[in-house]
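Line order of the protein sequences matches chains A, B, C and D.
Counting in our numbering, the first sequence runs from -7 upward without gaps.
Counting in our numbering, the second sequence runs from -7 upward without gaps.
Counting in our numbering, the third sequence runs from 3 upward without gaps.
Counting in our numbering, the fourth sequence runs from 3 upward without gaps.
Hints were generated in silico from the structure; no laboratory data involved.
All residues carry an ideal CB built from backbone N, CA and C; glycine is no exception.
Example chain B residues on the side facing chain A (calculated, C-beta under 10 Å, incomplete):
hint : residue
1    : Ile16
2    : Thr18
3    : Asp305
4    : Arg308
5    : Gly330
6    : Ala354
7    : Ala390
8    : Leu395
9    : Arg402
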Amino acid sequence: MPSGSRKFKKILIANRGEIACRIIWTCKEMGIRTVAVHSDVDRDSLHVRFADEAACIGPAPSAQSYLNIPAVISTAEIFNVDAIHPGYGFLAESSYFAEICEACNIKFIGPPASVIRLMGDKVEARRAMKEAGLPILPGSPDPIESEEEAVKLAREIGFPIIVKAAAGGGGRGMRVVHSEDELGRALEGASTEAAAAFKDGTVYIERFIESPRHIEIQVLADEHGNCIHLGERECSIQRRHQKLLEEAPSPVLSPELRNQMGDAAVAACKKLGYSSAGTVEFLLDTDNKFYFMEMNTRIQVEHPVTEMVTLADIVRNQIRIAEGDPLGYTQDELMIVGHAIECRINAENPETFAPSPGLITAFNLPGGPGVRVDTYVYAGYRVPSFYDSMIAKVIVHARTRELAIARMKRALEAMVVEGIKTTIPLHLKIMDDPKFRAGDISTSFMEYFLAQNGPKKNDVVAVAH
Amino acid sequence: MPSGSRKFKKILIANRGEIACRIIWTCKEMGIRTVAVHSDVDRDSLHVRFADEAACIGPAPSAQSYLNIPAVISTAEIFNVDAIHPGYGFLAESSYFAEICEACNIKFIGPPASVIRLMGDKVEARRAMKEAGLPILPGSPDPIESEEEAVKLAREIGFPIIVKAAAGGGGRGMRVVHSEDELGRALEGASTEAAAAFKDGTVYIERFIESPRHIEIQVLADEHGNCIHLGERECSIQRRHQKLLEEAPSPVLSPELRNQMGDAAVAACKKLGYSSAGTVEFLLDTDNKFYFMEMNTRIQVEHPVTEMVTLADIVRNQIRIAEGDPLGYTQDELMIVGHAIECRINAENPETFAPSPGLITAFNLPGGPGVRVDTYVYAGYRVPSFYDSMIAKVIVHARTRELAIARMKRALEAMVVEGIKTTIPLHLKIMDDPKFRAGDISTSFMEYFLAQNGPKKNDVVAVAH
Amino acid sequence: MSKPESEYKQIPEPVENEVRETGAPVRRRRSRQPHLETSVNMDELRELIALIQENGFAEFELEREGFRIHVRRDLAQSDVAPDSAGAQIADGILAPATGGSGRGATASPGHPGARAETAASEDQDLHMIPSPIVGTFYRSASPNSDPFVKIGSNVEPDSVVCIIEAMKLMNEIQAETSGEVVKIYVENGQPVEYGQPLFGIKK
Amino acid sequence: MSKPESEYKQIPEPVENEVRETGAPVRRRRSRQPHLETSVNMDELRELIALIQENGFAEFELEREGFRIHVRRDLAQSDVAPDSAGAQIADGILAPATGGSGRGATASPGHPGARAETAASEDQDLHMIPSPIVGTFYRSASPNSDPFVKIGSNVEPDSVVCIIEAMKLMNEIQAETSGEVVKIYVENGQPVEYGQPLFGIKK
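Throw the hints in and build the complete structure from the sequences for me.
The following block contains the structure:
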């Protein structure tokens, strides 16, 4: 056993929903006891049922429960846990929370707080990654201080450019600018939106690429300086910067380009002193040039597609790394087999995307070859309106992309969710789209797709109670 | 497209339960319409719900419904199907049924009727396989006609020997004989039992191996003379010759032995003129010598473990072969990745093995990485008492056998079936058994295991209504 | 119908023991009462009704997203026939069940008997003649002969009421009851499944 | 308790906006009534009917978001007060949710509040003081001082009834109601979760 290695006996999972269940599964496989925390509307959630221990830490609103750091830490101390797994969302990318864990002698399962903070500031992250050797889009290395500065820079870069919030994410605080006269209003709009959303109005500008692909590299780094990548995920199918479905591998990456992007991500993570699992997101243009976009310092929703094609358990790797173990395998041992697709099943109207919480009256899961479902709901469960609308992820694996698409179709057809509306019909339509089937996708895909398949004029928009 | 290639538009599935659903999933992926047949108690079965078309063909007893050839053929003609998939059990190994299909111009998805007939007669099968080059146990090449003949042969072979029914299967009509004076009674007993079970009292004798492993080779053969194997399955965990759980690969096979057994099976199938998927079952003794036992000319219950480690879809291969296509890959392209285990979940008391049909009041399926579930039941379904007690198969896949065992444990712990008793607790105990964990298993494993974990004296045997 | 050899193709004789019992089709007669099994929700309802009965409620009403049950029991006169009450409740449940309300369910659009059964379930007081086998229903012995029975025909137990063709064999179906034919649920030439109602007989 | 620096370890100040609102613990007061969320399935329905039966209601009606239940029972004599009946049923639904009756469920054996809440649900007529935070319950300000309240104590809304320790901070909990303490559901030093009943107050 290497020096500094520590075995966890008990882990608190500071999350809910499918990812909390996902983490419990791996902890069970590793013989680690789990503590669930939950809000009072989540008493019947499966993560509460399947954890070894559980505590209600607050009322329904996240700020008073899942984001309530004192309540989470207090529970961790009462139950005497060795570590906290934050999942994704909530406290997963809070460097403050990571610091508190450290101060309380509870291992935060993720990278060092300093790296979380660095990657949380998009301007700083770009600078650091540029220094670490990653290609970045031509644009501002610093926050924009004035319109004059912005105009000068925009002329250097050439239009179109994009204005982005430094603290941003999820598409808020972004403006595409096609000409100089739009620039002033765009800067102001983005800054105002960013200030409202993130309490930080700092913006920067960079070259805007039309219809790029969103390609991300999954990395694993231990605390001993070893780092490998598990190949890429293709996440171009997005609506308003929210991913809807993801694939591994990308239908367009050659083995050479995969190695090139993977090696670049690994080199950067090593320079950064990164540890744990992480994701380096890139834009890929039509000339196969890639540019660093941002880094997610946590497990991602779409991690299962990588698990399917590599047979790696990414949560297990996170835990082993946090225990101080070195990586269990090298880059050369990595194998990517077949093709995987994940569809996010949201409790939403599939045409209007209006949330559809409520009681699930019937629930049937698809099975058979190459199908994985990660979920936390069941027949009789009431999907609360307080949280993310994602209720399940359907992941398929097959020898080829074509077979995976056919498999996803039949899996979605066999999946029954009654009582609420879900995005299953949307995904079924995407599976039939000729451009999707041809792999001819970019981040503009959903605009094209929804224009073709949008809601009919007279549709009643049903917003559930 | 090769000559003789025919694309099926519609397939009738002459089966029920999980295997009928399993076949439907692949048909859906291939764009082939499906017709379900069912007995009147099976109206609510999922295979009826998910097939494109369905017909009730008779009352509950199998002989009047699932084994009712005129009803099956009549339905096939009414619905104008191109082919019939027989699944396993029922009509799957009826050469008569295969012949009728042929006479009616309906493609039987399986090997030629002549091969089914040959392999159905265990004496003939042994002779044919010996001629085809497979090692067989020293013993009678012919049915035993008299006790004198048996005594003479037994002396040649050396005790212990085993008396087997020529038409046998499932352990009926078998007797192990340790000394000459037991022989007469054993012959009589086995013959009587065989006559009652199979309407054929023919028996033969062969050398009895103590505590052998049951290792079987999955083969795929097309109608153009190509044949490959997909590695082995370890099926030693049996109770009264009924398999309880299966693995791929076997914990004891070296790559050399795998190739040796696989190549032998493939060579024999080629000589036999075999086509479709099939399984060659071997006994493996403690010196790693293997002996042909029998061949199953159909899909097997445990096929998913092979699918997990090879990413092959065996049902798809069966259908493509029946369509006249050549095999899609060669032996060299076959890859075996990781380790898979399947547990058969039966509606049975896990201690007494008494059947436990009835209403399923709650049902939760395990998900997450590396878990596959093949089932046909759901919450609110009433398991009928007329058929096989298997209600689900839980299959896991992980990098190593140790990880697969941990994964199976947590999957079984997350699986909830209320209202009836199931074998889940039995499998959980097997996962914890030190000999099982060490891979130290043979066909005598369950005797040892049940002696250690048998029902307590005062347990009430609850046989459900 | 030009070449009977090919049309009425002969089935090979059985050669294996295991399935010989169910071998070549022969003329059959119906042997079972109509099947009134229903789908998934029935079990819950059965439980619910049992609970109501056990607990002796005077009135019970449940309404829920397209589903509504209302039970009332007059406890003063306990000699009310429980059978008829049970039948009424079963009826309310039968109709939606056929429509495919169950979980994990997609309706089988090609299900040959679905429509006819729904129709049949409305006729409570009639005696049903169900199909004893799966096959094709014919009302007459040949295309240009008269139907065996029509609405208003009186039948005896041994009256032939139709032919069901299965595997090119014509199986004459007898009434096995006596009474007046008041409903014919299937059309000439239509496929029928096992247990599917063919005729409604008024005794 | 020898080294307060390490025992009462100081938490670093927040450095990021996103979670600053929920930063350092402060003295709180309870602010919410217990949650009365319902969701209905057969198990709950069965419990509901058992409950109605046990309580001998003449009539019962429940309607909620697309769900409505109505039960009337013929009873010769009945003096059940409808108001308290409503409260009883609401409690009856809450309790099993904590106990883990749902499907797909394994009970959480370590659930710190399970036993206490079950106990609390039996005391129908009492006003509950629930814990406003997760933490450790102390009946007194220090190990050698008197408890804030005992059975029989009278409390006013601003009376301190206990301390809940969370992250080494001692949070004084006020009664926010007046009346007599008749039940104390948790023991000194026991962990409590959010919403867990602490005291039963008789008004």
